[in-house]
Amino acid sequence: MSTSVCVRAHGSVVKSEDCALPNCVDRRDYPLPDVAHVKNLSASQKALKEKEKAPWSSLSTDAQVELHRSKSSESFAEMSRSTNCHEKHCVHGPVPHSSEGEWAAKQTTRMLDMTVSPIQGFSAKWDYDRNKRKK
Numbered sequence: 057m058s059t060s061v062c063v064r065a066h067g068s069v070v071k072s073e074d075c076a077l078p079n080c081v082d083r084r085d086y087p088l089p090d091v092a093h094v095k096n097l098s099a100s101q102k103a104l105k106e107k108e109k110a111p112w113s114s115l116s117t118d119a120q121v122e123l124h125r126s127k128s129s130e131s132f133a134e135m136s137r138s139t140n141c142h143e144k145h146c147v148h149g150p151v152p153h154s155s156e157g158e159w160a161a162k163q164t165t166r167m168l169d170m171t172v173s174p175i176q177g178f179s180a181k182w183d184y185d186r187n188k189r190k191k
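Just so we're aligned, residue 57 is where the sequence shown starts under this note's numbering, counting upward by one.
None of these hints come from the bench; they were simulated from the model. Keep in mind the model is a prediction, meaning the values are calculated, not measured. No incorrect hints appear here.
Simulated crosslink set (BS3-like; lysine-lysine; CA at most 25 Å straight-line): (1) Lys102 x Lys127; (2) Lys105 x Lys127; (3) Lys95 x Lys107; (4) Lys71 x Lys95; (5) Lys162 x Lys181; (6) Lys191 x Lys181; (7) Lys107 x Lys127; (8) Lys127 x Lys95; (9) Lys95 x Lys109; (10) Lys95 x Lys105; (11) Lys162 x Lys191; (12) Lys162 x Lys190; (13) Lys127 x Lys109; (14) Lys162 x Lys188.
Build the full structure now, drawing on both the sequences and the hints.
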């Protein structure tokens, strides 16, 4: 056996899969695979394959689903369904006290008392006589 055909893994020889051959993978961007999902058809599936040659409007819905299941393991809706294995979940700690409304009000009054940016900024837009924002 050549090393290009076989790969050593944990002390045993494992055949590597040839990626040049068509394979059956259910994907949303390529919903109909090159190779059928079911390789060995049963007698009922062979009969359905013969009925497939006729117009599909003559087939029942169950027969159409069965034909699709022989070609692909999942329907398009099942492929589109969200799975939790790839999603990242972020868990944050408690909300900081600086994002509360009371803290923001205190911070605003402090900035006004310090006359922050008196020419073009925050304090320039404040009317100190009426204690309101300028219009």
